[in-house]
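Asker: These protein sequence lines are chains C and Y, in that order. Here the first sequence stands for residues 543 to 825, where the numbers follow the working numbering. Here the second sequence stands for residues 543 to 825, where the numbers follow the working numbering.
Please keep in mind that the hints were generated in silico from the structure rather than gathered at the bench. Incorrect hints may have been included.
Heads up, the list lumps identical chains together, so a pair's fine if it works in one copy or across two of them.
As the list claims (entries may be wrong) - Distance condition first, Cα-Cα at most 27 Å in a straight line; then the derived DSSO-like pairs of lysine-lysine: (1) Lys675 <-> Lys686; (2) Lys629 <-> Lys820; (3) Lys755 <-> Lys815; (4) Lys678 <-> Lys820; (5) Lys755 <-> Lys728; (6) Lys629 <-> Lys707; (7) Lys678 <-> Lys755; (8) Lys728 <-> Lys678; (9) Lys686 <-> Lys815.
2 protein chains.
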Amino acid sequence: MSTKINELQIIENLRSIAGRDSLGLLDDCAVFGEYVITKDVLVAGVHFFPDDAPYNLARKALRVNLSDLAAMGAEPFGVLIGACLPKDISAEWLNDFNRGLKADIEEFGVQLLGGDTVFHDGALMLSVTAIGKTSKPLLRSGAKIGDNIFVSGALGGGYLGLQNKLKGRGDLRYELPNPRIELGIKLREIANSCMDISDGLLLDLNRLCEASKVGAELVSAQIPLADMAADLLEQISGGDDYELLFTADCDAVAGCYKIGKIISGQGLKLDGKLVAPKGYVHN
Amino acid sequence: MSTKINELQIIENLRSIAGRDSLGLLDDCAVFGEYVITKDVLVAGVHFFPDDAPYNLARKALRVNLSDLAAMGAEPFGVLIGACLPKDISAEWLNDFNRGLKADIEEFGVQLLGGDTVFHDGALMLSVTAIGKTSKPLLRSGAKIGDNIFVSGALGGGYLGLQNKLKGRGDLRYELPNPRIELGIKLREIANSCMDISDGLLLDLNRLCEASKVGAELVSAQIPLADMAADLLEQISGGDDYELLFTADCDAVAGCYKIGKIISGQGLKLDGKLVAPKGYVHN
Numbered sequence: 543m544s545t546k547i548n549e550l551q552i553i554e555n556l557r558s559i560a561g562r563d564s565l566g567l568l569d570d571c572a573v574f575g576e577y578v579i580t581k582d583v584l585v586a587g588v589h590f591f592p593d594d595a596p597y598n599l600a601r602k603a604l605r606v607n608l609s610d611l612a613a614m615g616a617e618p619f620g621v622l623i624g625a626c627l628p629k630d631i632s633a634e635w636l637n638d639f640n641r642g643l644k645a646d647i648e649e650f651g652v653q654l655l656g657g658d659t660v661f662h663d664g665a666l667m668l669s670v671t672a673i674g675k676t677s678k679p680l681l682r683s684g685a686k687i688g689d690n691i692f693v694s695g696a697l698g699g700g701y702l703g704l705q706n707k708l709k710g711r712g713d714l715r716y717e718l719p720n721p722r723i724e725l726g727i728k729l730r731e732i733a734n735s736c737m738d739i740s741d742g743l744l745l746d747l748n749r750l751c752e753a754s755k756v757g758a759e760l761v762s763a764q765i766p767l768a769d770m771a772a773d774l775l776e777q778i779s780g781g782d783d784y785e786l787l788f789t790a791d792c793d794a795v796a797g798c799y800k801i802g803k804i805i806s807g808q809g810l811k812l813d814g815k816l817v818a819p820k821g822y823v824h825n
Numbered sequence: 543m544s545t546k547i548n549e550l551q552i553i554e555n556l557r558s559i560a561g562r563d564s565l566g567l568l569d570d571c572a573v574f575g576e577y578v579i580t581k582d583v584l585v586a587g588v589h590f591f592p593d594d595a596p597y598n599l600a601r602k603a604l605r606v607n608l609s610d611l612a613a614m615g616a617e618p619f620g621v622l623i624g625a626c627l628p629k630d631i632s633a634e635w636l637n638d639f640n641r642g643l644k645a646d647i648e649e650f651g652v653q654l655l656g657g658d659t660v661f662h663d664g665a666l667m668l669s670v671t672a673i674g675k676t677s678k679p680l681l682r683s684g685a686k687i688g689d690n691i692f693v694s695g696a697l698g699g700g701y702l703g704l705q706n707k708l709k710g711r712g713d714l715r716y717e718l719p720n721p722r723i724e725l726g727i728k729l730r731e732i733a734n735s736c737m738d739i740s741d742g743l744l745l746d747l748n749r750l751c752e753a754s755k756v757g758a759e760l761v762s763a764q765i766p767l768a769d770m771a772a773d774l775l776e777q778i779s780g781g782d783d784y785e786l787l788f789t790a791d792c793d794a795v796a797g798c799y800k801i802g803k804i805i806s807g808q809g810l811k812l813d814g815k816l817v818a819p820k821g822y823v824h825n
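Just chain C, same shape as in the assembly (with noise of 0.2 Å):
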C-alpha cells in the first residue's frame, strides 16, 4: 500500500541531502558569492485562477519571486522563466503573457537570462528561478530576544483578495503582488532576521523564530489590517500578501508597522495568550 505523504515532509526529506549554500532550505533564497536565488512553482488551479488575465499573471510570477529576493534584501538581477502551456493556448494570450514580463522586467529592471518551453495536455504550469544581488543577505535565522517586530504594510489583502476571485470578482490585491524590493535593500543595515509574508504572518512567523530558536509576542490592535472590521485571525493566516516581516533593535522603520517583539522560549502569543501558528498551506 503506498503511503501519502505532504510538502513539509517532502522538504524535511530534501533537507538532509541539500547542500551547504542552501542555508538548510530554511530561507527565501539560497546564497552563493553575491548572488541569491530563489525558485518558486505556480499551477493553474492552485496558485492563481485558470481564467485570470495573463498580463498580470505574467508579473505576478514573477512578482512572489522578486518577494524572495526583497526577503534576503537582494536587488533583483535575473529571472528564468519555464512554462508548461495547454496546447490549445492562442497567440493572443502568449502576447499579453509577453507584454506582462516585459512590463516588470523593465519596471523592477531585471533581466531575462533564459527559460524553457513545454506544450502538454494539462494545465498552465509557470515556474520562475530569480536571481538578485547582495552585499549582506538578511535571514529568518538573525532575530535576537528584545528585537521589535515589523511588518511593511497591511495583512489579509491576499486573503480577502482570493474571497472576492472566489466569488468571481477580480481583485488586485491577489492578483498582483507588491515586492518590497527597496525596503529589502534598506533593511540590510537595519534588520536583524527577514522573510516574506506569503503564508501568513502567523505561519511565517513561526517559522522565523524557529529558524532564530526565540518565541514572539503580538499585539492585535498594532497589527495593520486590510479591513479593520473584518476577521484579525483570518487576515493574519491567509496567503499571498508578500509584505516583508523582519526584526530589529530599533523602535521606528520608516513606513513599516511595530506589531510585537521577539521574547525568548518559543512559540507565539497574541496578547498574552499563546496562538497557533495557523497558516495557508496549498492543498
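Chain C is fixed; fit chain Y onto it per the hints.
Answerer: Frame of chain C; chain Y shown alone:
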C-alpha cells in the same frame, strides 16, 4: 478567433525582451560573472513516460541540465528543483526520487540549493535550474571556417531507446543520459564553439552554424551511430543523445569523432548534398 503558436515562435518573441547576459537566448546557458545558468522543464507524457522509475527519472531531470552546463565548458555548482506532483503520489515514489537525486548530486559534486513542490490534479512536471562555473564559457557562435566538427560519442541511442520505450521495453540510452562534464571542461582550451545535442545532430548543428554564420559539411561514414546497421538519418535527427557537438582548429580530440568541416555560406551538406536540418521537436 485565436491563433495557434509553436515553441520556436515563443522563443522568438521572448528574444526581443531578453537581457544582455542571456546571449540572445541562443546558447545552452546564460552567463553572469563566473557563473552559467540553465533551466529545463520536463513533463510526463512529453519528455518521459508517466511510469518511468523515479530513481532514474530524478537523475535524468538533473542530467539534461548538467549537459547544458557541459556544453558551456562549466563545472556543475548548484541545482534547484521545482516539482508539480500528482496528488496521489506515494511516499515510496518520492523516496526513490530523492534517492536518485542524492545519487547524482554526489556523483556530479553539485549542491541542492533549493526548490519548490506543489501537489496538483495533473501530470508530473519537473523544472530544474542548474548553475555552473567556468572561467571561459563555450558558445555556439564561435565556429570558424575551416574548423573540424566533432561529436563526443555515438548518436541515435536516444532515438533507438525511445523506440524501445514505445514498445514497452526499458532502455537506459533514453532514460539516463550521460552529461559530458569532464570533456566540456577540457574543451575550454580546445573548442571554438560547442553545444549539446538534445534535438538531433542535424537540427542542433544547424543552430550552431546559424549562431556562427557559417555552413557545415558532414561525411556520413565518419558519423558514429548507436546502431551502424540502422537508418542514419533517423539516428541523426532524433532527440535525447546529450553528446557534445563542437568545432575546433585541430585534427583529433581524444575520445571524440571528427565528422565534418565548417565551411563558408550557410546550411548543411551531407556527403556533398544539401540536407534539411530535421530534428526532434516536441509536439
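Asker: Which hints from the list above does the structure break, by number from lowest to highest?
Answerer: Failing hint: just 4.
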